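**Student:** Next come the chains, spelled out residue by residue.
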Amino acid sequence: MKALIAIGMVMMAFCAFPLSVFAQDNMPPAPYAYRQLDDPQQERKARELMETLRCLTCQSQSIADSDAPMAGDMRHQVRTRIAAGQEPAQIRQWLMDRYGDYISYTPRVNSVTWPLFAIPAIVLLLAGLAVWRRIGRRQNYKGDE
Amino acid sequence: MRNLRIGLWALVAVVIGLFALFAIQLSRPKDDSVESRMIGKPVPEFALKPIVAGRPGLTSADLKDGQPKLLNIFASWCVPCAAEAPQLAELEAHGADIVGVAIRDRPEDVARFLDFYGDPYSRIGGDDLSEVQIDIGSSGVPETFIVDGKGTIRYQHIGDIREDDVPLLLQKLNEAAK
Amino acid sequence: MIAEFGLAALWLAAALAALQFLAGILALGEKGAGLEAVVRPVAVVQAVLCALAFGSLLLLFARTDLSVLLVAMNSHAAKPMVFKIAGAWGNHEGSMLLWVTVMSLAGGLIALIEKRLPERTMLATLASQAFVGLGFYAFLLFSSNPFERLSPPAQEGMGLNPLLQDIGLAFHPPTLYLGYVGLSVAFSFAVGALLTRNVTPEFARVMRPWVLGAWIFLTVGITAGSYWAYYELGWGGWWFWDPVENASLMPWLAATALLHSASVLASRDALRTWTIMLGVVAFSMSMIGTFLVRSGILTSVHAFAVDPERGGFILALLALYIGAALILFALRAGTVSEGKHFAAVSREGALVINNVALSAILGIVLLGTLYPLLTEAFGVRVSVGPPYFNPVSAIFAAPMLVVLAIGPLLRWRRDRLARIQKPIIAVFLAGLAGAIGVFAIGGVELLPFLGLVLSLAIAVGSVMPLKGRSLRRLPLTVWGMVVAHFGIAVALFGMSADTAFTQQTLIAAAPGDKAVVGPWTVTLNSVDPVAGPNWTALEGKMSASYRGGVEHHIAPQSRTFWAPPQQTSESALLTRWNGQLYAVIGGATEDGRWQLRLWWKPFVTFIWYGGLLVALGGFLALLGRISTDLRRRYATRRVAERKAEGAV
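Residue numbers (the working numbering), protein chains in the order written: chain A, 1 to 145; chain B, 1 to 178; chain C, 1 to 648.
Same shape as in the complex, but just chain A (with noise of 0.2 angstroms):
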């Protein structure tokens, strides 16, 4: 049991280093996941792209942040794409549709996410209520009662 606590230990300090660890591949990575496309303009709109797709072998990153195999093949699978005339919106359906909602870090509305965009709707509109009630009213405030 000790033992056990012992590893369990070891794994979390290790955890504890937000630097995700890979396991080995040697093979060098694809040609456009550290590689800029050559038109600034398409490049741009690759890179706004990436940094919205989630990266599915971290946690919780970017695949414009991190340096796991799999995040630099899906640059390249947007870069390549965008190079050869695709729109940023298409590449995105193309994923979802393939890892659903979860890789894309822009919530779309649907019956699933609909609260996302309703709630700070409400918290806009009670936000004015309150601040219109608290103030407003009192703008023929004279004085101390």
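In case anyone wonders, no lab produced these hints; they're calculated from the structure. Please read these numbers as outputs of a predicted model, since none were measured by experiment. Built from N, CA and C at the ideal position, the CB exists for glycine as well. Hints are supplied without guarantee of correctness; some may be wrong.
As the list claims (entries may be wrong) - Reference excerpt, derived from the structure (chain C facing chain B, CB under 8 angstroms, subset only): (1) 32; (2) 295; (3) 296; (4) 297; (5) 312; (6) 319; (7) 322; (8) 326; (9) 327; (10) 333; (11) 373; (12) 374; (13) 377; (14) 381; (15) 562.
Stated by the list, open to error - Using 20 angstroms as the maximum straight-line C-alpha spacing, the simulated EDC-like pairs for lysine to aspartate or glutamate come out as follows: (16) B:178 x B:97; (17) B:49 x B:131; (18) B:41 x B:65; (19) B:41 x A:97; (20) B:64 x B:97; (21) C:514 x C:445; (22) B:150 x B:32; (23) A:45 x C:445; (24) B:49 x B:65; (25) B:178 x B:45; (26) B:150 x B:175; (27) C:514 x A:38; (28) B:49 x B:119; (29) B:30 x C:309; (30) B:49 x B:128; (31) B:41 x A:38; (32) B:30 x A:38; (33) B:178 x B:119.
Fit chains B and C to the given chain A structure using the hints.
**Tutor:** Quick look at chains B and C alone, frame taken from chain A:
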């Protein structure tokens, strides 16, 4: 003041809901797997080059030859892939046709891996850029898909195949054969 | 012996906390007469005992006593002394002991010096403080005993992971903890005031330094954590809206709101219930943050030691404290009167907007952080990231920042905008100049555009309160406000400038190749192997010149650790006043070149300078408050002495 009261009790209710959610999430193991959305859909078109000498590569056409197949996504550098090797051998012994996709791998490493842990594959394609892996909606190695004879993806197993997973996989394979 | 002594001290402290709680509660009722004399001394002794327990743990770690399980797990005889000591709180048990120690010390301090509030309110406050403490004592003693013995003793400690020997990593968590504990004191004051229905400006004045102190630590903690992620993760990002980051941001947002509403209550006796509410919310956010981080129910890049059983314990404590406080609040809120009224255009009016906006942002961060957890409970996985948080929080942040630029110029109670016409025009012109400037540069998206314009407006607006006043005579608290608000402008400028103007170059280079990134020309001179104590690295020796000027040398590394096997990128930074060059060397390509990642990040350092200015502002304000208090104490004593003399 009444509005304030109502608002406050609503807040208490929300907080209770929140704690219930925390408790639910805490009471069950965290499931980090990402399921593929490609189940029930045809396999995407691909053609992977052979990676070991004398073994054919893998194309999407091979998956439409009328026979259901186990599509095993693996890599020589992946530790759990070695752990599932006996189970793959068992599946093969039960007549499963297993085809492999080697992710980001070198021919000599794959050959050594097969020598060491056994070789259940009828075909192995090398996927150097994880293209097929991404196209099929797999998020890691190892993963195993069941593809029926028409090339439709029927089932996905995430992670290494354990001893108790074998019957289920055989059953799914049988279902795919119908 | 030391371990047993520490454990005994901890048990005694826990017993005294129970006594403090019971005596405090009973003394509030009629039957408990006489018990009130017990509470304060008990609080002090409890603090001393708890400090002794923590001292014992420090000593055990300093001596690397391997017969103690915790030491054997987390330390090693060969560690440098500072990391041996820091190892004491670099683990779950030790950090919880540190938490409860700081909390009991704070309680003891209040018991010793705080005489301004009515005694009943103080009793209720100390009882509440003991109640919160009891939960943590129970947690320590029943499920996370730091003094557990290991028999037979270990041959050598296991904690020699050099990755964890980072001075930032050693002091980052306790900084946040001090913030959380400070908020627990504010929470206890709020509960005490609510229990005795005594919500007064005096209460706000007593609570304020604690909130301020907590807020300073939280600000420093978040700023340091952000910089650490920036240079350590190797991709130049400084905020990811990651759950763990959000967990530290939420208490900060609540504490910021509380700070401002407490100042309304202290100066103008308004916003009574609201201030109490924020006191409860701020501590709740610390607890929720701790829970989220420790229980591991959220996926985060900053993984922590996680354990569902401990998560369950924290959840139980969380439910107990927050649930009890909220229900108490819901029952009592109606009986606390609203307080004084004020006009729309007034300092209070501006602060109400600040509070509403901060609360709304807090709500949105909470929603976005927890929503994936909610859908997961129903088997659907979604991700909520920067494309959601940035615009949605900006909807509330933008109006708040506009008000921040001119709000401090308004008078309390009632004012006219016409009176501060000139400063408003100055603020407007600053914003307009910024807008024209950014527009001329072109290609900047809406959010960074707004950020740049607002930061200039706030920078001008924040120093306006200094106009026409003697800088030497200006109270420290006003200086604090000015510096903190100016810091917000600086940080906002840095964030927006980095988002808008960062330039990147990703290339594969062979030695001798040049790369251009923004105004910099970077030459890769050579790639050499270097070795550290437990790693080898490839070091890219580069020279970089800014607009053809002097060559600076930088050397990013790609390190490979062998035990445990792990690869990290050590980025190299070159700082100028107007930004940073950020260089990373990656792997080799097949044709023998090297992957280089280069960024020119204009004004990115302003983010952290701004954060430090905000903290400095808080510190000045705290100094101001404390010195005012001391002076007032001195004056009251003199008056009392005079009276005594007169009586004689």
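**Student:** State for each hint whether it applies.
**Tutor:** Hints, one by one, checked against the model:
| no. | hint | result |
| --- | --- | --- |
| 1 | 32 | violated (29 angstroms) |
| 2 | 295 | holds (6 angstroms) |
| 3 | 296 | holds (7 angstroms) |
| 4 | 297 | holds (4 angstroms) |
| 5 | 312 | holds (6 angstroms) |
| 6 | 319 | holds (5 angstroms) |
| 7 | 322 | holds (6 angstroms) |
| 8 | 326 | holds (5 angstroms) |
| 9 | 327 | holds (6 angstroms) |
| 10 | 333 | holds (6 angstroms) |
| 11 | 373 | holds (6 angstroms) |
| 12 | 374 | holds (6 angstroms) |
| 13 | 377 | holds (6 angstroms) |
| 14 | 381 | holds (7 angstroms) |
| 15 | 562 | violated (17 angstroms) |
| 16 | B:178 x B:97 | holds (15 angstroms) |
| 17 | B:49 x B:131 | holds (12 angstroms) |
| 18 | B:41 x B:65 | holds (16 angstroms) |
| 19 | B:41 x A:97 | holds (10 angstroms) |
| 20 | B:64 x B:97 | holds (13 angstroms) |
| 21 | C:514 x C:445 | violated (31 angstroms) |
| 22 | B:150 x B:32 | violated (31 angstroms) |
| 23 | A:45 x C:445 | holds (13 angstroms) |
| 24 | B:49 x B:65 | holds (18 angstroms) |
| 25 | B:178 x B:45 | violated (23 angstroms) |
| 26 | B:150 x B:175 | holds (13 angstroms) |
| 27 | C:514 x A:38 | holds (16 angstroms) |
| 28 | B:49 x B:119 | holds (18 angstroms) |
| 29 | B:30 x C:309 | holds (13 angstroms) |
| 30 | B:49 x B:128 | holds (10 angstroms) |
| 31 | B:41 x A:38 | violated (36 angstroms) |
| 32 | B:30 x A:38 | violated (42 angstroms) |
| 33 | B:178 x B:119 | violated (27 angstroms) |
Hints 1, 15, 21, 22, 25, 31, 32, 33 from the earlier list are contradicted by this structure; the remaining hints agree with it.
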